[in-house]
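A.B. asks: Sequence:
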Amino acid sequence: MSIPAKNIMMIHGWAANGRVFDPLRESLPENWRIRTPDLPGHGASPDNGAFDITATADALAAEIDDGEPADLLGWSLGGLVALHLAHRHPQKVRKLCLTASFAKFLAAPDYPEGLSNPALGKMITLFRQDYQKYMRQFLELQFLYAKEARPLMHAILPDIVKHGTPAALETALAALSAADARPFLPDIRQPVLLVYGDKDTITPPRMGDYLARQLPDAALHIIPQAAHAPFLSHRAQFSALLHPFFAS
Numbered sequence: 009m010s011i012p013a014k015n016i017m018m019i020h021g022w023a024a025n026g027r028v029f030d031p032l033r034e035s036l037p038e039n040w041r042i043r044t045p046d047l048p049g050h051g052a053s054p055d056n057g058a059f060d061i062t063a064t065a066d067a068l069a070a071e072i073d074d075g076e077p078a079d080l081l082g083w084s085l086g087g088l089v090a091l092h093l094a095h096r097h098p099q100k101v102r103k104l105c106l107t108a109s110f111a112k113f114l115a116a117p118d119y120p121e122g123l124s125n126p127a128l129g130k131m132i133t134l135f136r137q138d139y140q141k142y143m144r145q146f147l148e149l150q151f152l153y154a155k156e157a158r159p160l161m162h163a164i165l166p167d168i169v170k171h172g173t174p175a176a177l178e179t180a181l182a183a184l185s186a187a188d189a190r191p192f193l194p195d196i197r198q199p200v201l202l203v204y205g206d207k208d209t210i211t212p213p214r215m216g217d218y219l220a221r222q223l224p225d226a227a228l229h230i231i232p233q234a235a236h237a238p239f240l241s242h243r244a245q246f247s248a249l250l251h252p253f254f255a256s
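Following our numbering, the numbering of the sequence shown begins with 9 at its first residue and continues without gaps.
Because the hints were derived from the structure by calculation, they are not lab data. Quick caveat: nothing in here was measured; it's all calculated off a predicted structure. All residues carry an ideal CB built from backbone N, CA and C; glycine is no exception.
List time: in silico DSBU-like cross-link candidates among lysine-lysine, alpha-carbon distance up to 35 Å:
#1 LYS14 / LYS207
#2 LYS207 / LYS130
#3 LYS170 / LYS207
#4 LYS155 / LYS130
#5 LYS103 / LYS14
#6 LYS14 / LYS155
#7 LYS155 / LYS207
#8 LYS141 / LYS130
#9 LYS170 / LYS155
#10 LYS103 / LYS170
#11 LYS141 / LYS207
#12 LYS141 / LYS170
#13 LYS141 / LYS155
#14 LYS155 / LYS103
#15 LYS103 / LYS207
#16 LYS170 / LYS130
So the derived label-pair ranges between C-beta atoms look like this:
#17 ASP73 / GLN145: 38 to 46 Å
#18 ALA157 / ILE230: 13 to 21 Å
#19 GLN145 / PRO191: 31 to 39 Å
#20 GLY75 / ARG197: 17 to 25 Å
#21 GLY75 / ARG136: 41 to 49 Å
#22 ASP74 / ASN125: 37 to 45 Å
Put together the whole structure using the sequences plus the hints.
C.D. replies: Here's what the structure looks like:
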């Protein structure tokens, strides 16, 4: 009996688009059916007005066949969307990999794991001024401790910026800043792989540690010398974690 190809959906983060996963796809089996949709107002996807995480999760769930649950990889904001998708449509999700993501982005008295003074708001002005320049600078920071992988950055940059500045920068940032997935984490029963970089200042590993404590079936891995995009800067190490997790 032939083994069916894996059904994978990769959900990108704020200010990027699905092409950011192109290098990772090359490291995974060719027979895996991988989709990398653009979130609303990012890449080639039209802006629907105010970015709505729940509505986005529902729309992505509608793309998954009820008879073949998908494995989800969510990066940063994409991980938050993946959590909502798994909670609202559990029958459509088999496993989750969350990388550099969070249950809640901003700190609160009962949530010191969040950020008190996030810098992403400042990025909106810069991205509006020159998206290509400042996206390149952002990516350069991700490769700061993996300079040997920088040619990868130059290879993917044109595809990431070709659609221009994402229209949903402000509304998507407002949505992720207001979101709080903590109440439903205990209800997510799917196996979860958590992958973080120890140099990440946007979503520090403590956010992954919180998820590992709250999710019923989760395993946390920290990649040394990786920042906010370990699937790019440390692709081989990331793939070595992801491949067996999704393959089983």
